[in-house]
Amino acid sequence: MPINRRLKLFIVTNSVYNNIDYEDLKGVEHDAVRIKNLLVDDPNTALINADDYYILRDADSFQMRDELTLFIKQDCHPTDQIIFYFSGHGSTLLNGDYGFCAKDTFHLEDSEHPVATSTLRYQDVIDIIHHSRMEPLIIIDACYSGHIGRITSQLNESIRTSLGESYALITSSYSSATSIDENDGGLFTKAICSAAKNGSKTLQRKEKLTLQDLFSSLRESLGLMYEPVHPQMFLGNGLSDMFFVKNTKYKPRRERLTNAHARVLRALYEQDEPYYLKFSEIQPLGPTEYTTWRKLELWGLIEYVPVPKGGHLTLVGVEFVSNNIPVSKVLQFDPNTETWATAPTSPIVSITDYP
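Our numbering numbers the first residue of the sequence shown as 31 and each following residue consecutively.
Note that these hints are calculated values from the structure, not bench results.
Here the structure is a predicted model, which is why all the values come from computation and not from measurement.
Any given hint might turn out to be false.
[As the list claims (entries may be wrong)] Here are the simulated lysine-lysine pairs, BS3-like style, with alpha carbons at most 25 angstroms apart:
1. Lys-238 / Lys-281
2. Lys-359 / Lys-281
3. Lys-66 / Lys-276
4. Lys-227 / Lys-238
[Unchecked claim] Cβ-Cβ distance ranges computed for the label pairs, FRET-style:
5. Asp-72 / Leu-233: 28 to 34 angstroms
6. Asp-157 / Thr-375: 47 to 53 angstroms
7. Pro-365 / Asp-90: 51 to 57 angstroms
8. Arg-284 / Pro-385: 38 to 44 angstroms
9. Arg-235 / Glu-327: 16 to 22 angstroms
10. Gly-330 / Arg-235: 19 to 25 angstroms
All C-beta atoms in this analysis are idealised placements derived from N, C-alpha and C, irrespective of residue type, glycine included.
Let the hints inform the model, and build the full structure from the sequences given.
Structural data, given as structure tokens:
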């Protein structure tokens with residue numbers, strides 16, 4: 031049975047900067063709205079409850095650390111999974127770490143790197159999440175964000191310990207490349223939302239998609255729009271399924287009770303109790319009857335017998351063939367419970383509906 035996990039979302043967007051080294055950004059507020067709509071508001075894609083997200087806008091470095099810590103401490107549980115999303119300026123740090131720039135981020139004179147304590151460091155984020163024991167999906171729409179992947183792939187001992195190999199990281203660019211900010215939002219974030227809303231027809235049997243499922247279409251769309259925006263993805267070896275959105279192309283597995291099934295049921299009922307036929311005795315009924323008869327187990331109408339191979343009617347099957355009870359014509363598979371149940375709008379049928 032799949033584990034029921036809550037998915038949490040912490041969004042950080044910084045568009046206003048006090049230091050002249052950083053230009054104010056026009057599109058990051060649109061990024062926050064777009065990500066929230068995708069993951070919380072849109073019933074076609076959203077997997078996150080309305081009380082399981084937090085947006086932090088234009089914060090200083092102390093607020094960024096404190097609010098993330100408070101959100102995890104008060105609102106999260108170790109079995110939860112968390113998406114940390116950042117849109118804004120980012121920079122490599124002198125010690126090799128990566129800094130998410132805050133509105134108070136500043137440089138010392140003649141230094142190309144910001145002062146580390148005036149940023150939210152990548153290591154800060156990992157350490158804070160580590161203490162919650164949640165699995166993180168980290169999405170970064172910022173310049174030079176691919177540097178985080180380099181840090182993670184090199185896995186210094188403290189990050190290895192904190193991540194525990196259970197993480198997913200996706201960045202908007204190479205370690206030496208900038209991201210593209212437009213008036214209506216970043217190209218990278220727009221591409222993520224577009225890929226998610228388009229869903230996956232190839233994976234139409236998956237009700238929910240991971241970001242890994244969408245990554246190839248994300249890369250393809252960004253390559254067509256703007257070549258330098260080249261997303262990178264890094265996955266821990268111990269990461270469990272972390273579903274990102276509902277699949278808008280999802281088509282559930284369905285099975286329909288057919289005339290061929292009814293012929294098998296009647297043939298079984300014509301036998302003496304326990305209404306049993308061997309495989310070889312079912313085969314002459316027809317190729318469709320022979321190849322699909324075991325699907326009757328989904329309705330609980332027959333039971334498979336391994337030795338000798340064949341099947342017999344159940345008590346429910348006897349009642350149905352006797353026209354004492356009806357059944358659902360169409361069953362649908364629920365991937366959450368891994369069971370079959372009556373499909374929405376399925377008609378109810380009796381044996382007399384199958385002449």
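* Pairwise hint evaluation, Lys-281 against Lys-238, where the allowed Cα distance is 25 angstroms at most -> holds (11 angstroms)
* CB of Arg-284 to CB of Pro-385, is that within 38 to 44 angstroms? -> violated (23 angstroms)
* **Hinted pair Lys-359 and Lys-281, Cα distance within 25 angstroms** => holds (18 angstroms)
* Do Asp-72 and Leu-233 keep their Cβ atoms within the hinted range of 28 to 34 angstroms? -> Violated: the Cβ-Cβ distance is about 19 angstroms, outside 28 to 34 angstroms.
* Supplied distance hint 19 to 25 angstroms, evaluated on CB atoms of Gly-330 and Arg-235 -> holds (23 angstroms)
* Is Lys-66 close enough to Lys-276, meaning Cα to Cα at most 25 angstroms? -> Roughly 14 angstroms separates the two Cα atoms, so the pair holds.
* Asked: Regarding the pair Lys-227 and Lys-238, is the alpha-carbon distance no greater than 25 angstroms?
  -> Satisfied, since the Cα-Cα distance of roughly 12 angstroms is no more than 25 angstroms.
* Asked: Should the hint that Asp-157 and Thr-375 are 47 to 53 angstroms apart at their CB atoms be regarded as holding?
  -> Given range 47 to 53 angstroms: holds, Cβ gap about 50 angstroms.
* Beta-carbon spacing of Arg-235 to Glu-327 - inside the hinted bounds 16 to 22 angstroms or not -> holds (20 angstroms)
* Distance restraint evaluation - Pro-365, Asp-90, Cβ atoms, bounds 51 to 57 angstroms -> violated (44 angstroms)
Of the numbered hints stated above, those contradicted by the structure are hints 5, 7 and 8, listed in ascending order.
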